[in-house]
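Visitor: Chains as they are written, first to last, in the working numbering: chain S, 1 to 301; chain L, 1 to 587; chain C, 1 to 306; chain F, 1 to 522.
There's no promise every hint is true.
[As the list claims (entries may be wrong)] Keeping only pairs whose Cα atoms sit at most 16 Å apart, straight-line, the calculated EDC-like set for lysine to aspartate or glutamate is:
no., chain 1, residue 1, chain 2, residue 2
1, F, 127, C, 89
2, F, 396, F, 283
3, S, 77, S, 56
4, F, 473, F, 323
5, F, 442, F, 476
6, F, 95, F, 50
7, F, 442, F, 462
8, F, 327, F, 476
9, F, 95, F, 69
10, F, 118, F, 138
11, F, 286, F, 347
12, F, 179, C, 89
13, F, 286, F, 323
14, F, 105, C, 49
15, F, 378, S, 59
16, F, 473, F, 445
17, F, 259, S, 68
18, F, 179, C, 49
Since the hints were derived computationally from the structure, they do not count as laboratory data.
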Amino acid sequence: MTSPIAPDLTAGRMPAKARAGVWRRLVKRRLALLGLVIVAIVVAGAILAPWLTGYDPNDQMFDGLTIEGSPLPPSAKFWLGTDLLGRDLLTRILHGARTSLIIGIVANGVALFIGTLVGVTAGYFRGWIGGALMRFTDLMMAFPALLLAICLAAVFQPSLWIVAMVIALVNWVQTARVIYTETSSLAEREFIDAERTIGASAPRILFRHILPHLLPTIIVWGTLGISTTVLLEATLSFLGIGVQPPTASWGNIIFENQTYFQAAPWLVFFPGAAILALALAFNLIGDALRDILDPTQRGRE
Amino acid sequence: MTSTPEPILTIANLRVSVRGEEGAREVVSDLSLTLKRGQTLCIAGESGSGKSMTALAIMQLLPQPAARISAGKIHLGATELTALDDRRMRRIRGDRIAMIFQEPMTSLNPVLSIGRQLTESIEAHTSLSRDEARQRAIEALKAVRISEAESRLRQFPHELSGGMRQRVMIAMALALEPDVLIADEPTTALDVTVQGEVLELLRDLQQKHGTSVILITHDMGVVAEMADRVIIMRHGRMVEEGKTSDIFARPQAHYTRELLAAVPRIGSGAGRQESRDAEPPRPAKVAEVTDLHVRFDLRGGVFGRVTRRVHAVEGVSFSIAPNETLALVGESGCGKSTTAKALAGLVPYSGDIVVGGRNLSGPGRDERKAVRRDVQMIFQDPYASLDPRMRVGDLVAEPLLIHGITSKEERRERVAALFDRVGLSSDQMELYPHEFSGGQRQRVCIARALALRPKLIIADESVSALDVSVQARVLDLLKELQREFGVAYLFISHDMAVVENVSDRVAVMYLGQIVEMGTRDQVFSNPRHPYTRRLIEAVPVPDPARRRSRFARLDQEIPSATRRIGEAPLKLALSDVGNGHLVAAEG
Amino acid sequence: MIAYLGRRLIQSLLILLGVSLITFALLYLLPADPVRQIAGRSATPQTVENIRQQLGLDQPFIVQYWHYLTRLVSGNLGRSYIQRSEVTELIVSRLPASLLLMVGAILCELLIGLSMGLIAAVKRGTATDQALMVASFIGVSAPQFVVGLLLLYVFAVRLSWFPIGGYGTWRHLVLPSLTMGILGAGWYARMMRSSMIDVLRQDYVRTARAKGLARGAIIFRHALPNAILPVVAMIGIDIGIFMGGIVVVESVFGWPGIGQLAWQAIQRVDIPIIMGVTLVSAFAIVLGNLLADIIAPFIDPRIKLR
Amino acid sequence: EDAVDPNAKQGGAITITYKDDVATLDPAIGYDWQNWSMIKSLFDGLMDYEPGTTNLKPDLAESYEISPDGKTFTFKLRHGVKFHNGREMTADDVKYSLDRVTNPKTQSPGAGFFGSIKGYDDVAGGKAETLSGVTVVDPYTVKFELTRPDATFLHVMAINFSHVVPKEEVEKYGADFGKHPVGTGAFKLAEWTLGQRIVFERNADYWHKGLPHLDKITFEIGQEPIVALLRLQKGEIDVPGDGIPPAKFQEVMADPEQKARVVEGGQLHTGYVTMNTTMAPFDNVKVRQAVNMALNKARIIQIINGRAVPANQPLPPSMPGYDKAYKGYPYDVAKAKALLAEAGHPDGFETQLFAMNTDPNPRIAQAIQQDLAAIGIKASIQSLAQANVIAAGGDKAGAPMIWSGGMAWIADFPDPSNFYGPILGCAGAVPGGWNWSWYCNKDLDAKAAEADSVVDPAKAAERDKMWSAIYDKVMEDAPWAPVFNEQRFTMKSARMGGADNLYVDPVHIPINYDNVYVKDVQ
Ligand SMILES: Nc1ncnc2c1ncn2[C@@H]1O[C@H](COP(=O)(O)OP(=O)(O)OP(=O)(O)O)[C@@H](O)[C@H]1O
Ligand SMILES: Nc1ncnc2c1ncn2[C@@H]1O[C@H](COP(=O)(O)OP(=O)(O)OP(=O)(O)O)[C@@H](O)[C@H]1O
Ligand SMILES: [Mg+2]
Ligand SMILES: [Mg+2]
C-alpha cells in the first residue's frame, strides 16, 4: 500500500553532525573572546575589589593630596592616581564596577526587558491591548527622561536599587518603540500565520518565534544602553538623587571630577575608559552572539 | 531559426564555487555554452542546479564574498568579461548585457519612481540629456505596452501590479537595446495570465531588436513556447543541450526524460489516470463552508471610522468530502488565500465554517483548539512559512507539543516517522530551513501539517514555487498521503495544469465570489464561464510543436474589491447546469 | 491627510494631558516645600501660611490640578515661584535658542552619524568599519560635559575658531551642536550601519548594479533612502533624549535655552516652571514623532498615513 | 556723601558673568547671590555701608535720630533724589515701599526683617494695608515706631528689602516690576534679554555726584564658571561672578600674573554642621561636643584648596562680636571618643548627614563623614538638591545632621544678631524654620533680645560683648559644629581699577559696582 516515495536528497547538503555549543563557538571568535575577557576582568575586579589593592575605596588618605589639596597623578604608589579627596582611584574604580555593573547590566537589562515585553505585546496584539500599551509608551516617551528620573528619584529615597529601578523605568520606552515597530512587521510574516494554524498560543508565538528574531535589535539597544545608563546614573548622582557618596560608580567618578578634566585628566579618563571598555566588550559579544544565534549566518566567517 | 551568424556570448569551462562551512563547494561545474545573435537559449533544470549562478557569473554579480568564478572564461563578443575590473564591467552591465530578475516585487527600488529607475540607467550609459532620457524611457514603457506611459513615470513600484512591475523591469532592461538579455525566471512569480503576456512581450521585442536572450526557467511549458535551444542542468552541470524540438522529441539524458515526464499537462494528466466521477457520493462532509464573507475595513477620518471595505470574500459556499480534493483557482487577488485563511482561523469572517461537525467559531476555547487540529495549512512559500531560526525537527514537533504530546521521546519518534513518511531522513531533523532545497522545505511543511492527522489540509499555492520535477514529487506525495490517511485537500493554485492533475472538483473564483464550480471534468472539458475559459487558454503547452502565436489576454487589471461603505458588490447567483456543475450568470 | 492630522492631534492632546497629570502628581509628592522657598528664612509661620493660601497650595491635589488645567487652557502656565515672571514669557524667550540648538544638533548627528554608519556598512568587516564602530561607542560613552569643555578648549580657546560660548551667530552654534551631536551620532551610526547592511543585500540593489550604475549612485540613490527610514523614526525618539543633554550643553556654552531654565527650576522646586518646561518638551516630542511620521511617506511612498 | 576715589576714571564698560539666571530685580523679592548686589546698584535705601566695609552710613537719609528708648527712629531724607523715571523721591515712597514689602501679597522673602515695626503683625496677617508704625512726617521726614528696641534696625534700613520703589511704576508693571525695575540707584536698567544678558547703564542723575564711574555694566547669564574663567583669561570679560572654579584655582594661583589679579577677602560666612538637638543621640550635649572635636578642619580646608579659615564659633571673624579669645573645641579624636563613651555610645552609632549636591559640598560631606567614622559615628550621606535639604532641615524628624554649605548663612547684614534669630533662636525651631539643629534656649533668646535693645551706637562695643557671650554659650551647648569661614577670591581683568576691598565688599557680592572703575578709558 505504501508506495515508496522517492527520497528528495537533491540538495542534501551538510550531513547532520554534532554542533559546537554556542559557548564554544563564541570563544572561537577572537573579538568575542576579547569581549568576554574584558567582561570577566570587570566582574572579577568588582568581586575581588577589596583584595586587589591595598587601599580602602573611601579612605581619604593624607598623602593622597598635595599640600594645596590637589589630587595626585598616576604613580607607582597610586597606579591610577588619586581623586579630589585623596582616595586611590584604582580602588574606587574597582569598587565602582559593582555599582556600574548593576546599573549597566541590571537596570539596563530590566529596561530592555520591559521595553521588549511591552513592544512585543503591543506589536503582536493589535486591538485594545496593543493600543493601550502603545499610547502608554507614547505618554512615557513624551516625558523628558531626565525630568522623570529626577521626580521619581526625589519621591523615593535614593539608594542603588531605587536608582537602578528609576533608570529602568525611564529607559524602556525607546526600546519598546523600536521593538514595537519590528514586531508589527514580524507579525505579518507568513511563518507566524503558520504557527497560528497549528494552534500555537500567543505566548508561544511571542517568545519562541518572534523574540529570537528581535535579538539583533535587542543586542544593539542593550549594548548602547550600557554607557547611556551608566552615565544617567552619574547624572542622577550629580543631582543628588543617584547613589549616595561615598559609594563609587564609574559615572559618578566622572561627574564628580569632570571640571578637573584639565587639571587632573586621569580622573575622567580612567573611569571613562572603563565604561567604554565595558560597553565595547558587550558589543563585541553581542555582535558575535547575533551571528552565532542566527542560523542563516552559519558558515560566515 | 535559419542559420544564425556569429556567436555573441560564449562561456567556456565555467566553474563557480561557493564558500561554505566546510570549505568551497562547486555550484557550477565546467559549463560551456554559446549564444548566437538573435537566439533564445533556455536554461532549465531543477532548483539549485546553478542556473542563477551562471547568470550572475555572466553579469559579474555573484553574491559577495561567498561566491566566485574559480575557472573558465566568458566572452562577450571579443571582450573577456572575467578579466574586467569593476569600472569597465559597469559599462557593460545594463548597456550590453541586461538582466531581469525573478522577483518583480523586490527587484524594483520601492522608494524611487518608475521614471527615475528607468532614466538613470539610460543616463548612466548614454550622453542623452535628462529630457531625452525621459523620452527614451517613455518609449520603452510603450514598447512593453504599458498604458499612459507618461504618467506612469511618476508612479512608484508598489502602485503597480506584479505583471506591470515585471514589464517595467523588461522595459528597463531593453531601454538600451542590449546585445544580450538574461531573464532569470521572469514569470515564475506571476499569474498564468500575466505570464502569458510577459512571454509574448519578450518574444515580440526580441524579434524587433534582434536581442539574444538567455531565459532561465523550470517551466517546460515556457521552454517549449520560447526557446530555440535548450540547456538542461543538474547539480551544476549541463546534462543535455540541443535544439528545443530535439530535446522535447528525443531527450537523451535520463534526467531530461524524467523532467519532461514530470511536467503536468492539461488533458493528459500523468498523475491521475482514473477519473473518480464514477465513485459513489461520499457520506459525511469534512468541511462545509456556507456563505463565507471576509471583509477588511479600511479606516479614515479624524476619528478613525471605517470608510471603505475590501470585500475579499463575498458569500462563498462549498463543501469538501473526505478523501476529496477541491481546487480553488483564480487570478491574483481574487480572494483564494483569504478563503483559506478564514478556514485556518487566521482572519475573522462571517458565515459558517463547519469542520468535522464542529463549528469553527464555536464557543469553547478547548473546542476551538480541537478544531484547529483538524485543519492544517501548507503555504505557498515553504521558506517564508518556516521559522528560519528553528531546527526543522523542532518545527515539526511543535504541533505535537502544542496539542499535548509532552514526552520528548514520543515526539522524537513521531517526528522521525513523519520525516520518513515524507521522504526525508531523520538525521536532517537537526538542520535549519535554509539548509534545505525548496522541495525539501515543502516536505517539511507537509510533515508538519500531517503531524496532527488533520481531516483537512489547505494547500495554498503549495507547489507553485517548486520546479517541475520537485513539484511532481510533492504532488505525488500529497496523493499518497490522501490515499493513506483519507485527508481532504483544499488545493489553491493558479496553475490550471496542476489543478487539472490533482483535483476532484474545481471552484473558480473571481472578485471574491465563485463563478464556476463542478467536477474536474465538468470544468475542464466543459468550461461554461468565459473567465474559466480564459484561464485555461492561458496555460503554455509544453510542446514546441503546439506553440501558439498569441496568448490569450485577460482584461488589463482586475477590478478592485475595495468599495465604499454601503456599496456592497452584487451577489452572483449560481445555477446548476447539470450534475452539480454550478455556473454564475455572466455579470 | 487632514483627517489623519486631526486624529493625531487629538491623540497628542490626550498625551499632553497625561503628561501634565503625572508631572503634577510627582511634583505634588515631592518632599520639598515651594512655599518655604518663597517665604525666605526670616518668615513667620503665619506668613508661610498666607503665601500657601495665596498660591492655592493648601487645596487638595485634584483642586490644584483642576485650577492648573483651567488656566492652561487659556495658555496661562502660571507665574514662577522664584523668578516671579510669567512662565510663558520665560519659556518663550528661551525656546528659540533651544530649538536652534536642537536643529543644529540633529543636523550634526545626522551628518556625522549617518556618514559613519554609511561608510562602515559599505566597508563592512574592514578595519575602517571596526574603527568607526569604536568611535561610535566613544561618542555614546563620552560624558557631554567633558566633550563640551574639550571642544571649547581646543577650538575656541586654543584655536580661536569659534567664540567661547554665547549665542547669536552661526559660529556660536557650531560647538554646542557638535557636543550634542556626538552622542546621538554614535546611535545613528550604529543604526545606520545595520539598516544599510540590510538594504545592501536587497534585490533592488542588485538590480541597480545590473544596470551598470556607478557605486555612488547605488549607495546614495538606491540604498540610502531605504536605509534611512528607521533612522527617521529614531529622530522622534531622539528629541526625548535630547531634552536630557540640553541641560549640560547649554550651561557649558552659555546657551540661553530652556535646559538651563529647567535645571534651575528643578534645583529650586519652581513648580510652575518645571510644569511648563515639561509640557513644552512633551509637546516637542509629540510634534517630533508626528513630524517623523509625516515625513516617512515622502521617503518611502509605500507608507500611507492612516 | 563720602569721598570719591580721586584716581577713578570716568566711563567705560565692563562685563560680568553668572551661571544662574537673575530671577528678579525687585528689591522686595530678590534674594539671590546674583541679584543682591545688582539691586543695590539700582535702588537705594535709607542706610548703606561705606564701600568695602561694614560701616553703616546714611544714604537716602541725610541723617537720623534715635529716641532714647530705642523705639523711635526718625530719618531726614536727602533732597533732590530722583527715581530713574525723573520723579523726586519723598517720604511717601519710603512708607509705600515698606508697606509693600510687608504685605503678604508681595510674597517677599524678606518681610520678616521688619517684624519690629509697629503694625507689622496686622499687615502680615492681612488685617491692614499699611504699617501703623511708619509715619510720613513731611515729604522729607519719615518716622518709624517700633514695638521693641531694635539695635539692628539701621541695618534693616540698609537691607535690599527696605529699598525705596516708586509707587506709580510698581502699579504700572504689577507683578512684573522685577523685570522693569525703577529706583534711585547709581545705575538703571537698559536692557534685559531673558536668560542671556542684563545691561545697566549709568544713572546720569545719580544724587551722589561723581558716581558711578562706569558707563555700562553687562551681565552675561548662563555661563559655566569654568568657561567664564577661560573667557577672563582671554580678556573677554572682567569679573566672573561665580568666582574661580575649584578646578582652576590651583592653575590660577600658580601663575603670578593671574594671581596678582585675584583679590582675597573675608566674607560674612560660616560653614557648619547642624545637629538636631531634639533627636537621639544628638539630644545629648556630649555627643554634640564629641562631633565638634572629631572634625579635622584643616583637612577639610585642604580639600577646598585652602580657600577658607577654620571656624570655632558661629560668627565669622569679620563680624562685630566675633570672640577672638574663644578657643573653641580642639581637634582631638581621643577626647571625642571618650565623650561619646560617656554619653553611652562607646561604639558610636549610625546617623545621616545631609548636604547640598553641588560641588564642593558632597566632597566636604565625605570628609566630615570620614572624620566621624574615626570616632565610630557611621554617617550616611544624603546629598540632595537644595530645596530638599531645606525641607529635611525644617522637619523636626527630618535630618539628624546637615552640612550647611551652599545653602546657609551668608549674613544679610553685618550684625551679630543676624546669626542668631532664625538659625539658632527658638523662633526658627519650628516646622519649616531654618533652625535646623532645633536648638531652643529660652535664656539665650532673652539675652539676645536684651542685646538687641541696646540701640545707642555709642554702646555698640558693649552690645557686641553681649553677643559674644551669647555665642560662647551656644558653643557650650554645641548645636553646631562650625567648620570654616569661607574666604572670597575675586578675580578681575587687568583693566579693572579701584581699591581691593571693593572687590571683596562684604555686602556687595561679588563687587561694588558703584565704585569700581576701568583704567583703560581716556
Ligand atoms: N549566497 C549564496 N551563498 C552560498 N551558496 C549559495 C548562495 N546562493 C546560492 N547558493 C547555492 O548555489 C547553488 C546554485 O544556486 P542557484 O541559485 O544557481 O540555483 P538555481 O538553479 O537558480 O535554482 P532555483 O531554480 O531554485 O533558482 C545552490 O546549491 C545554492 O544553495
Ligand atoms: N489584511 C488585509 N487588509 C486589507 N485587504 C486585504 C487583506 N488581506 C487581503 N486583502 C485583499 O483582499 C483581496 C483578496 O486577497 P487574497 O490574498 O485572498 O487573494 P489571492 O486570490 O490569494 O491572490 P494571490 O494569488 O495573489 O495570492 C485582495 O484585494 C487583497 O488586497
Ligand atoms: Mg535561481
Ligand atoms: Mg494568495
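Visitor: Does each hint fit the structure? Answer for all of them.
Guide: So, going through the hints one by one against the coordinates:
For the hint pairing residue 127 (chain F) with residue 89 (chain C), the CA-to-CA distance comes to about 33 Å; that exceeds 16 Å, so the pair is violated. Restraint check for residue 396 (chain F) and residue 283 (chain F): the C-alpha separation of about 12 Å stays at or below 16 Å, so the hint holds. Between the alpha carbons of residue 77 (chain S) and residue 56 (chain S) the distance comes to roughly 14 Å, so the proposed pair stays at or under 16 Å and holds. As the CA atoms of residue 473 (chain F) and residue 323 (chain F) are separated by approximately 12 Å, the hinted pair is consistent with the 16 Å bound.
For the hint pairing residue 442 (chain F) with residue 476 (chain F), the CA-to-CA distance comes to about 15 Å; that is within 16 Å, so the pair holds. Restraint check for residue 95 (chain F) and residue 50 (chain F): the C-alpha separation of about 24 Å exceeds 16 Å, so the hint is violated. About 22 Å separates the Cα atoms of residue 442 (chain F) and residue 462 (chain F), which puts this hinted pair outside 16 Å; it is violated. At most 16 Å may separate the alpha-carbon atoms for a hinted pair to count; residue 327 (chain F) and residue 476 (chain F) meet this at roughly 12 Å.
Taking the CA atoms of residue 95 (chain F) and residue 69 (chain F), the gap is about 22 Å. The hint is violated against a cut of 16 Å. Between the alpha carbons of residue 118 (chain F) and residue 138 (chain F) the distance comes to roughly 19 Å, so the proposed pair goes past 16 Å and is violated. A distance of roughly 14 Å separates the Cα atoms of residue 286 (chain F) and residue 347 (chain F); the hinted pair therefore holds under the 16 Å criterion. Between the alpha carbons of residue 179 (chain F) and residue 89 (chain C) the distance comes to roughly 11 Å, so the proposed pair stays at or under 16 Å and holds.
This hinted pair does not check out: residue 286 (chain F) and residue 323 (chain F) have alpha carbons roughly 23 Å apart, beyond 16 Å. Using a Cα cut-off of 16 Å, the hinted pair residue 105 (chain F) and residue 49 (chain C) holds, with the two alpha carbons roughly 12 Å apart. Between residue 378 (chain F) and residue 59 (chain S), the direct Cα distance comes to roughly 14 Å. Compliance with the 16 Å bound is thereby established for this hinted pair. As the CA atoms of residue 473 (chain F) and residue 445 (chain F) are separated by approximately 11 Å, the hinted pair is consistent with the 16 Å bound.
Our distance criterion of 16 Å between C-alpha atoms is met by residue 259 (chain F) and residue 68 (chain S), whose separation comes to about 15 Å. Simply put, residue 179 (chain F) and residue 49 (chain C) have alpha-carbon atoms about 27 Å apart, too far for the 16 Å limit, and the pair is violated.
Taken one by one, the earlier hints fail for this structure at numbers 1, 6, 7, 9, 10, 13, 18, listed in ascending order.
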